[in-house]
Structures are given as C-alpha cells and as structure tokens.
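As you go down the protein sequences, you meet chains A and B in turn. All letters in the first sequence, in the order written, are residues 1 to 903 by our numbering. All letters in the second sequence, in the order written, are residues 1 to 104 by our numbering.
Some hints here could point you the wrong way.
Said to hold, decoys possible - Interface residues of chain B toward chain A, partial, derived using beta-carbon atoms under 7 Å:
1. Ala24
2. Gly45
3. Gly50
Everything labelled a hint here was simulated from the structure, so no lab data went into it. By construction, the Cβ of each residue, glycine as well, lies at the ideal position given by its N, Cα and C atoms.
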Amino acid sequence: MLSFNTLVAVCLLYVMGLFLVAFAADRSAARDKRRLLSSPLIYTLSLSVYCTAWTFYGAVGYAARSGLEFVTIYLGPTLVMIGWWWFLRKLVRVGRAQRVTSIADLLSSRYGKSNLLGVIVTLSAVIGTTPYIALQLQSVTLAFSVFARDRSAGWNVPDLDATALWVAGGLALFTILFGTRNLDVNERHHGVVTAIAVEAVVKLVALLAVGVFVVWGIGGGPANIAQTVDEAMRATPKDAWTITGGRWVGLTFLSAAAFLTLPRMFHVLVVENPGERQLAVASWAFPAYLFLMSLFVLPIAVVGLGTLPAGENPDLFVLTIPLHFDQDGLAMLSFLGGFSSATSMVIVASIALATMVSNHVIMPIWLSIRPKEATVSGDVRQVLLAARRLSIIGVLVLGYLYFRMSGGGTALAAIGMISFTGVAQVLPAMAGGLLWRGASRNGAAAGLITGFVVWAYTLFLPSFGDAGLMSAGFLAEGPFGIAWLKPQALFGVSGLDPVVHAVFWSMILNSFAFIGVSLMSFPGPLERLQGAQFVNVLDHTHQTHGGVFPAAVAEDLLVMAQRTMGADAAQNLFQTQARAQGKEGYLPDTTPDFIARLERALSGSVGAATAHAMIAQIMGGATVSVDDLMAVADETQQMLVYSSQLEEKQKELTSTARQLSAANEKLTQLSIQKDAFLSQISHELRTPMTSIRAFSEILRDGGAKDAQAAEQHASIIHDEALRLTRLLDDLLDLSVLEHGQVQLNPQREVLSKVLDRAVAATQSLIVAEDLRIHRDHAREQIVIATDTDRLAQVFINLIANAAKYGDAKYKRLTIRVSVRDGVLRLDFVDNGSGIPTESQAMIFEKFARLTDNAAAGGAGLGLAICREIMDRLGGAITYLPGQRGAAFRVTLPLEKIPHHGWN
Amino acid sequence: MRFRREPLFLARQSYRRRRLEDAARLLPMLGVFLFLLPLLATDIGTAAQGLYLFTAWFGLIVATAVIARGLTRRPDISYDPDSNHSPTLSDAPSTSAKRREGRD
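Model the full structure from these sequences, guided by the hints.
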C-alpha cells in the first residue's frame, strides 16, 4: 500500500536522480563532450517546460469544463514552431549574434542597450510569473493532499503550507546549484537543460500511461471513448463544450504569443539554443510532443467525469482516476509526472527571472553605488553570482508568498491565462524590434507600459475578486459609474469573454502606442545601429564598427573582464584578439571591433545594458556616441580623400611617364637628327672642298694653259672658300644661338630703319634677281626696343630667300606691318609658287632645302637661324599659308624684351 | 540520333531549396486555416471535431518534418554556429552566410 512515507521517499529519490543527471551533464560539458548535450532531442525536450503542472493537471480540468478548447493552448505553440522559418530562426540568430541572456536583455539590447526597457520587462515578468510559480507550488501540494485524503490510513495529514515550503526550498537549492554554476558563454546550463529533458520524458510517459489505462483499461477502446465524449458533450449545460470563435482564435493567439515571450520559454528557445540545426528538428518534434501530451486529455476528462463521484476536482483527474481504480503504481508515476512539470517550470523560470533581475536591476544599482570601482574593486563575478542566487531565492519566496496569500482556491487554468496575457505584452516590442527598423525605444516603452496597464486593469486586478482592489460594484459599474471604463467591458465592448477581452484591448492599445510613438520619436545613434543589426541579422552576421576610443586602457578592460568572465576566459579572449591584431601578449589595441567583441562577451554574463555600462565606465563615456559616429564618418571621409589623392598622384605619375616617354622619343629623334646633321655637314663641307682641291691641283700642276684660265680657276677656288667660310659662319652662329650663349644688344630703333638696312644689305642680290619690294613706310614708323641687328639679320634672310627662290616672272615681295594686341607683325609675302603644304613643317629645320639648289649658295641654315634668333628675341617666325606665294610672318612683342636667357 | 539534353536550369538544387523555403513559410498559414476550420463545423460533435483536429495536427507535423529535413540537408544551409568551437567570440563572420532572402 502506498504510504505518505513511500511517496516522500520516491520523490526524494527522483530529485536525487535529477541532481545526478544534472551533475553528470555539467561534468561532460566541462570535459567538452557536448555532442549529446547539444543534440536536437535534448533541445526539443527542454522546450517542454512549456508544459507545466497547469498543463499536466489543468488541461484535463479545462477539457472537463470546456471540451476541446483546451487544445488552443497547444495549437498556438505548434503554429509558432512550424512557422520557424519566419520568426524563430531570426530570433535565435539574433540571440546568438548578440549573446542575449534573457528576453529583457533582448529588448534592452535592441533598443540601444537601454536599461529602462530591461527594467520594465523584468518587473512585468516578475509580476506575470510569480502567480505562475505559486500555481506550480499549489499543484504539488494539491497532489500531496489528494494522496493524503485517499490514502490517509495510518498517516497524518501533512501540513500543506509546510509541503509547499519544502518544495520551494528544494527547488531553490537545485536551481542555485545548477543554474548559477557558470556565468560565461551565453548563459547555457547543460546540467539544468539535461535534467529538464529527463523530466520532459517523465511527464510525457506518465500522461501517456494514464491515457492508455483510461482508454483501454477503463473506457473500452477508442470507439467507446468517442461515444462517451459525445455523451459528455450533450450532458454539459448550456453548450459549454461548443467551440466559440472569439475564445478559439484569441486563446490560440495568446498561447502563440506567450510561447515566444514567457521568460522561461525564451530561455530554453533562444538562450539555451545550441544551433539552428536543433531548431529545425524541434520545429516538428516539439509539435509532436505537444500532440502526444494532448492526445489523451479529452478521454481522461470524460472518463473522469463518468466514473468518479460528482464534485471531484477535474483538475486532479490524472491523479484521482488511478487512485480510484487502485492503480497505486500508475498514480505514483502520474504524481511524478506532475511533480516534474512543476519543478522544471519553476527551475527554468527562476533561472530566467534571476538572470533578468540580477542583470537589469541589481547590477546597475550596484554599479551606480560604486561608480569608479568596476575595474579595481572586488570580484564582479562573485557579486554577480551572489546577485543571481539572491534573485532565485527572492523569486521563489515571492511565489511562495503569493501561494500563501491567494490560498490556492482558484481554478488553475485561470491563473495561467492571466499570466500568459501579462507576458504577451512584450510581443509587439519584440516582433517590431526584429522586423521593423523604425521601432524605437520610446515606442517600445510606451507600448509595454500601455499593455501592462491595460492588462492589470482588465484582467489581473479583477482576478482577485472582491477581496482585491476592485469591488464587485467597481466591476459592474465601472470607476465612478463611468460605464465605458468598466474593466471587463472597456469602451463598451461587452460581448467578449474576459480573457479574450483583455487580450484584445491590451494587445491593440499596446501596438497602437508602440507604433505611434515609434513613428514620432527619433532614435539615438546606438539604437539605430542595433536596430539595423537586429533587423538585418540574416543578411550579415557581422558587427558594424564603432568609432575609435583612444582613452581606453586595455589593461583596465582585462582586469574588469577577468572579474566578470573569469580569468581564463578573459585572458583567452584578450590573447586571441591580440594575436588577431598581430600583437604578442595579452593586451590588444582597443579597436572598436575589439570593444564590440568584448562587450558581447561580457553581455553573455551580465546582459547587454550592464556590459555596456561597465565598458562605458572604463572608457569614460558611452561607447558609441554621436561623436564616435562622426569619427567613423570622418574616417570614411578621410579614406575617400586619401584615395582621391592617390588617384591624383597616379594621374600625375601617368602624365610624367608620358612626358618621359615623349622626352625619350625626342632624344632619340635628336640623336637621329644629329647623325643626319653630321652627314649633311660633311656633305656640305665636302662639295666645296672637292672643287677647291681639284682646281688647286690643276693650278699646281700647271694645268692652266693661260693666265685667264688660271685666274678663272683661282676665282673658283676663292668662291668656294668664301662659301665654306659662310657655311662655317652660319654653323657657328647657329651653335651660338642654340646654346643661348649669344650676347644681345637691345636698342631702340624705328622699324623702317631696320628694314632699310636689311634692304640695303641685300641690294646687290635684289638688283641681280630684279626683285621689287613693296613697303608701306607710313606703317613702319614703330619704335621697337630689341636687338635690331639680329632682327635685321632675319629680315635679310627673308628678303634674300624671296630673291633667290622666288620663281615668278616678275619677282615681287610685299612687306606688311601691323600691330595686334601689343605684338608687332611683319609679313613677308612674295608672288612665287609658295611652299608645298607637306614641306611647310620642315623648312625651319637645319639643312632643309626644298630642292638641291646649291646654286643658291645657301647651306639651308638660314631659316633655322632665323627661328633661333626670333626665339631669343621673344618673338617667332612662322610660315603663313594661303597667301598665294611664300609668306613668312615675324612676330615680336612690343616693349617687351625678355631678359632671361641672355648671358 | 539523339543527344542527352541538359536541364534548362542548371541550378536545380538551389531552385528546389528556395521552393522548400517557400513551403516552410506557407506552412503556418495552412496550419492557421486547418485549425480555424472546426469553427465552421460545430454541429458534428466534439468527438468528430477532435478526430479532425488531431489528424490535421499530425499531418502538419509530418509536413514540417519533411520540409525541415529538406532544408537541413540541402547544401545551401550555410550558417552553422556549432562549427565554431573557439571559446572566444569569433562567432561574427560566418561569411558564407551571404544568402539573401527573397530571390526568385
């Protein structure tokens, strides 16, 4: 026979088993054997903390009261899981990328690491979860009391309050032992998760066992059960089992929202998530788990209703049916199932809540109390652990107190719904933060506060009944008789069930406030940075870089990190980072990238907002300020400037290279020209030399027959010698001009006089060639200040050329003088056939003669010399095409004699 | 004489994968539809409703399992945080995860 002592002994054994499992899991995790621990199976089973004692016991009661409706509590999570590709995948990715430690941390991190949001979510989570923990304690004590009543022979009825206290104490011990062992990487607790997985199996097996016993042991098979169900439906008063649209849709939505936002669900779903592969498996395996959990609920309910005496609490059918049929072993298993459900929920919930409370309430307060000592004072790690342990105890104490005060009278399901609605208020801010970059901190805060106020007003406070803050009159009439403020018929909406009514209005007003304020507010830089990272997490898993923090001292950071993460982990991190930066030792440069990584590492222990605050304390300011963003922008700007400078320089180099290659080409050409020049000059020298030698040999050998012939020979020799002298003179002249060694004698003279001199110098040639020169003397009365002798030389050359090379029948040379823009222009135009276009370019080159008209007696140096002279004088000589004859234009700036280059 | 013809789209694998992603996105909508259907059939009794609901539920689970397995097996799944065994924080650049959603 099952005695109370046996029950207690089995319970203790079971708990010890859990301790062992958790201990073994932690050990193997520490030895890096994580394959089993991070298997999809464990992850899926750990999600079963969703199924609490409320589910285990309460679902049957719910089914007994409302028929199929209980299933909505599972349909919501099923829809969320099978839609994992939409939302959960992103949520998990964000959780891993940002090292999120709790749902409060997620919101705080998303909205610019704002601790305000962290505090709001933490407080609401505590308010929403405390009744739920009380509910678990109540279910365990109720289960004990059932045993006490049915098997009271021989043992004292235990004190229910004492039982609850013992249970709470044991849970606190377990949670502290395995929930606060490690603070590092990502808040994962292998021991706890594995124990939860074991408990998940226990409760599933227990419920299935009871279900199988009920269907095949008592009910007589599925067909009979179906018949019983329909009979039970007809037996219930007033269509209580009929599905109604409002509740059906509302509760499905509510459970889906709560599945994402319950602190304990967020903890196992996101924080303890080992990877996306596990999520992919859980997407179908967890719905399958829920499916099995709810498969036998309705049969148990109807069989309980049919076989047990009326007035039996349907919430405990799972226990009372086996006891009624004297199946003590099954009852024991069922009890353990309920016990498992309760304990796993309480453990995970208190870990999640303790993380939130210590990271968002205790640590910020502690940091602000000791402002300058985060780096140098005692071990932050110890403080953090102590804070977390205290928080766990605090949460459980709160739950116990709530249990004591509420007295455990209300139906279990009601508390569950109230709690769900409370935590679901986080959903708009969470979903908005992940999907919409425009969601702002103020919007999130406004939405959360609005949602919680509406929830408290329409559901939470009325749930206390008359004893609470709201009297029956208040509920019926509204505050001060204002009908449209009636808590359960807000704005005159009276057709809804109270829970659906509360869900409807709280979510609607919450979303309105969230979106409205978000649209109107302007987020800070850090907020926008985080927003972009959260929303685009699937596109890039990189961190964006902040500014440069010159004030940061790596050593201070290391000291602080050691005290927060533990010495080994911190040194490892710093060393790896230093090596990545190419440095030896433990102190990397405090680059923005490093700071961001460190901050995320710390936030894995203390939450984003606290980590941010701790680093900010050392850095002497917020890590990302507008200035930093400006600095980043400046840096980008500088990069742009630098690259454009580079481009400029490259262009410069290219042009220099081009110039160099041009110069090279010119040099090559010059060398060719020089060769050509040498061969030309030897040719020019050789021709007269040959004739001189020939005639002088004739004279020497007495070859001249008479004096006249001798004289003729001698004169030929003389002429050729003259020609040689002239050539040499010209060469000398040219060389002197070309090397700039000429001495100029600037003097003022009237242009006409210079021309007169030139004409006079060439008089003999003019007469010989019968050249007629046309001049306009009136226009020539211009005073010029230059080396007029050299200028005259140019004129002589041009006039002589016209005389020698002009091929007209009546040779004529027109000299036109004009002044334009302070430049004197002289055009020498003859009436010959001119110079062919293809030759115009080369007439100023040395030895460039158009025909080998040696008779003209020139060496082809005249125009080359002219050009050099004009260059020296600061003017120019060009060929002027299109004048129906050869035309040369001499230009000379007036009143401007270049002084440079004369030495 | 016949030649073996190449498939028109060579990227058959990635095409299939994108259709799988589409299916994964559409599945919850199918779920919503299936779960709301009992509201329209209240006269058939709780037992029949329950039978229908659990059948539909089971079907959805099987469909999700097939799709999730497909998504995990197809080569495109690139982001795998597990492969990162470093005790430090080098989790950031998983550069192969450059997939963009919403292609054809």
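Going down the list of hints, with the structure as the test:
Interface restraint check for B/Ala24: the shortest CB-CB distance to chain A comes to about 4 Å, inside 7 Å, so the restraint holds. Restraint check, B/Gly45 versus chain A: the minimum CB separation of about 5 Å is within 7 Å; hint holds. Look at B/Gly50: its Cβ gets to within about 6 Å of chain A, closer than 7 Å, so that hint holds up.
Of the hints listed earlier, there is not a single one the structure fails to meet.
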